[in-house]
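Work out the full structure, taking the sequences as your base and the hints as a guide.
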Amino acid sequence: MNLKDKNIILTGGSLGIGKETAKSLLKKGANVLITGRSIERLRNSFNNDKIKVIEFDIGDIENIKKNTQKCLQILDNKVDVLINNAGIGVRSSLEDLNINDFLKVFNVNVFGLALFTKEITPVMKKQKSGTIINIGSTASLKGYQNGSIYASSKFAVRCLTQCWQSELRPYNIRVTQVNPSEVTTAFGNQERVERNEIYNKLTPKEISHTIISALEMDDRGMINELNVWATNPF
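Numbering (this note's numbering), first residue to last: 22 to 255.
Simulated from the structure, these hints should not be mistaken for lab results.
Any given hint could be a false lead.
To be verified - Pairs of lysine to any residue residues, derived as SDA-like cross-links and limited to a Cα-Cα distance of at most 25 Å, are as follows:
| id | residue 1 | residue 2 |
| --- | --- | --- |
| 1 | Lys25 | Lys163 |
| 2 | Lys71 | Asn88 |
| 3 | Lys71 | Lys87 |
| 4 | Lys27 | Lys99 |
| 5 | Lys25 | Gly50 |
| 6 | Lys49 | Ile120 |
| 7 | Lys139 | Glu218 |
| 8 | Lys149 | Ile120 |
| 9 | Lys163 | Gly50 |
| 10 | Lys226 | Asn84 |
| 11 | Lys91 | Asn69 |
| 12 | Lys125 | Leu181 |
| 13 | Lys48 | Ile60 |
| 14 | Lys139 | Lys222 |
| 15 | Lys73 | Ser187 |
| 16 | Lys125 | Asn69 |
| 17 | Lys99 | Asn84 |
| 18 | Lys87 | Gln148 |
| 19 | Lys163 | Ser202 |
| 20 | Lys27 | Arg64 |
| 21 | Lys163 | Ile120 |
| 22 | Lys99 | Ser150 |
| 23 | Lys44 | Lys222 |
| 24 | Lys86 | Glu140 |
| 25 | Lys99 | Ser187 |
| 26 | Lys87 | Val131 |
| 27 | Lys147 | Asn193 |
| 28 | Lys27 | Glu140 |
| 29 | Lys44 | Glu227 |
| 30 | Lys87 | Ile75 |
| 31 | Lys86 | Lys149 |
| 32 | Lys49 | Leu181 |
Claimed, not checked - Simulated restraints on C-beta separations:
| id | residue 1 | residue 2 | range |
| --- | --- | --- | --- |
| 33 | Asp239 | Lys146 | 14 to 24 Å |
| 34 | Asn68 | Gln183 | 35 to 45 Å |
| 35 | Ser113 | Lys71 | 32 to 42 Å |
| 36 | Ser114 | Arg241 | 20 to 30 Å |
| 37 | Leu118 | Gln94 | 19 to 29 Å |
| 38 | Leu118 | Lys147 | 34 to 44 Å |
| 39 | Lys25 | Thr252 | 40 to 50 Å |
| 40 | Asn84 | Trp250 | 46 to 56 Å |
C-beta atoms are modelled at their ideal positions from N, C-alpha and C, and glycine is treated no differently.
Printed below as a string of structure tokens:
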């Protein structure tokens, strides 16, 4: 896909992987709309009047439909690419599990992602084309200690991705999941402050490069899943 002039929605675009990917897409000439929970943070993240921003908490389930309509209005009811990047995490031992933490994470990582995609998909079906990128995690491949809530949410995303691949391929809609291992971002940081890069850990640039590579594949082909690991994190 040639990304020039393509309409792209990217959730969670103010920091980390979302911010880096949005910057790369702008360089490719795409029309990019980013969403996030803070309009101020979204605007402060970019010194570029070409990018479109909308305050939109993907975990606000009750307002998904209304916020989707706002996005579609901004993009003249045409969406070539949806990148479901917004996500949160909670670490909890088995003994400390509680329903509030489960709902907090699943509302964003699973329910919000699924319901937003549900609202965008009819546009792509009408176009008979589109690409959906779900940002998962290597935690969707294998559980880990204190990862009951976060890892199970990403396992769920991986299942959604596989179901949608089966449903949407007849409409020429590609669905890909990108699974990063640990990335030096503000993820998990309550103050939403980016972490300093660590020389042997992944950075948002590697994940952005992966996303762009999957998008730029010719439309006759699709990548179902990409797992991205640091070469030597030890």
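Exercise. Between lysine 27 and lysine 99, does the CA-CA distance stay at or below 25 Å?
Worked result: Answer holds: lysine 27 to lysine 99 is near 9 Å, not above 25 Å.
Exercise. Does the alpha-carbon distance linking lysine 99 and serine 150 stay inside the 25 Å limit?
Worked result: Roughly 10 Å separates the two Cα atoms, so the pair holds.
Problem set entry | Agreement of lysine 44 and glutamate 227 with the hint, judged by alpha carbon distance not exceeding 25 Å | 13 Å, holds
For this session: For the range 19 to 29 Å, tell me whether the beta carbons of leucine 118 and glutamine 94 fit it or not.
Result: Distance hint for leucine 118, glutamine 94 is violated at roughly 40 Å.
Problem set entry | lysine 87 paired with glutamine 148 [C-alpha distance capped at 25 Å] | Holds. Lysine 87 to glutamine 148 sits at ~22 Å (cutoff 25 Å).
Problem set entry | Verdict for serine 114, arginine 241 (Cβ pair) under range 20 to 30 Å | 47 Å, violated
Exercise. Is lysine 149 close enough to isoleucine 120, meaning Cα to Cα at most 25 Å?
Worked result: 40 Å, violated
Problem set entry | Distance restraint hint 32 to 42 Å, applied to the beta-carbon atoms of serine 113 and lysine 71 | Given range 32 to 42 Å: holds, Cβ gap about 41 Å.
Problem set entry | Consistency of beta-carbon spacing, glutamine 183 to asparagine 68, with hint 35 to 45 Å | Taking Cβ atoms as reference, asparagine 68 and glutamine 183 lie about 39 Å apart, which means the hint holds.
Problem set entry | Satisfaction of hint between serine 202 and lysine 163, Cα-Cα up to 25 Å | Given pair lysine 163, serine 202 holds - Cα atoms ~11 Å apart, limit 25 Å.
Exercise. How does the Cβ-Cβ distance of leucine 118 and lysine 147 compare with 34 to 44 Å: does it lie in that range?
Worked result: Check passed, 42 Å falls within 34 to 44 Å.
For this session: Would you check the hint for lysine 226 and asparagine 84, treating anything up to 25 Å between C-alpha atoms as holding?
Result: Measuring from Cα to Cα gives roughly 32 Å; hence the hint is violated.
Checked against the numbered hints above, the structure violates hints 1, 6, 7, 8, 9, 10, 14, 15, 16, 32, 36, 37, 39 and 40; every other hint is satisfied.
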